[in-house]
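Using the sequences plus the hints, can you model the full thing?
Residue numbers are given in the working numbering: position 58 of the sequence shown equals residue 263, and the series is strictly consecutive.
Source of the hints: derived by calculation from the structure; they are not laboratory data. A couple of the hints might just be wrong.
Calculated cross-link-like contacts (lysine to any residue; reagent style SDA-like; alpha-carbon spacing at most 25 Å) [stated by the list, open to error]:
| id | residue 1 | residue 2 |
| --- | --- | --- |
| 1 | LYS346 | THR257 |
| 2 | LYS223 | LEU287 |
| 3 | LYS360 | GLU304 |
| 4 | LYS238 | LEU368 |
| 5 | LYS224 | LYS286 |
| 6 | LYS360 | ALA345 |
| 7 | LYS366 | LEU220 |
| 8 | LYS224 | GLU280 |
| 9 | LYS260 | GLU216 |
| 10 | LYS366 | SER221 |
| 11 | LYS231 | LEU253 |
| 12 | LYS286 | ALA345 |
| 13 | LYS224 | CYS211 |
| 14 | LYS224 | LYS360 |
| 15 | LYS224 | TRP281 |
Only a predicted model underlies this, so the values are computations on that prediction, with no experimental measurement involved.
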Amino acid sequence: MVQEICSICKEGKLLSVKKEEHVEVKEFSCGHKIEKIESTWVKGFVLLDPVTDLKQAISRRAWFEGIVIATTYFEWLGIRKLKNYFESEGITIGSNRIERLNLGELIVFLYGCSIIDYDTYTKMFKVKHIRDDLVHQPEAKYELQDRDAERLIKKALECVKALGVS
206 MVQEICSICK EGKLLSVKKE EHVEVKEFSC GHKIEKIEST WVKGFVLLDP
256 VTDLKQAISR RAWFEGIVIA TTYFEWLGIR KLKNYFESEG ITIGSNRIER
306 LNLGELIVFL YGCSIIDYDT YTKMFKVKHI RDDLVHQPEA KYELQDRDAE
356 RLIKKALECV KALGVS
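What follows is the structure in structure tokens.
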């Protein structure tokens, strides 16, 4: 049998595979976790790699894309963390209710349940507020300086890592 190797660093060996609803998580000895999401738009699985996606947005100077995708990952990861938290605490909440939380509510719940610390809470809100400005005020993208945008996406990377992505 051939041992599966981490596709990110090409060094780590597969330790475990965990299958959840529509998600397959592979954990490697190098510390990387690779999550595949079953997509309703394409057959099979889609590889989600928040760290690489955000680093690529920085390298391409794709500020709008990086900020928007960061908040998308906040929502996706946050919902999963919150569901796992409630399940581990034996608290029954319909998954649809958690999925209907807006990003601001989700961030507050993550902090209130001690899933994230205060520093991550403030960073996530900073990214959210800039995203809101960019999406709802088209002129905001012309006011966003490269240095500030890069710094913001780096903060988003820290938040994604705080949500458990390595």
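Tested hints:
no., hint, in the structure
1, LYS346 x THR257, "23 Å, holds"
2, LYS223 x LEU287, "18 Å, holds"
3, LYS360 x GLU304, "24 Å, holds"
4, LYS238 x LEU368, "12 Å, holds"
5, LYS224 x LYS286, "15 Å, holds"
6, LYS360 x ALA345, "19 Å, holds"
7, LYS366 x LEU220, "20 Å, holds"
8, LYS224 x GLU280, "20 Å, holds"
9, LYS260 x GLU216, "20 Å, holds"
10, LYS366 x SER221, "20 Å, holds"
11, LYS231 x LEU253, "12 Å, holds"
12, LYS286 x ALA345, "31 Å, violated"
13, LYS224 x CYS211, "17 Å, holds"
14, LYS224 x LYS360, "30 Å, violated"
15, LYS224 x TRP281, "16 Å, holds"
Checked against the numbered hints listed earlier, the structure breaks hints 12 and 14; every other hint is satisfied.
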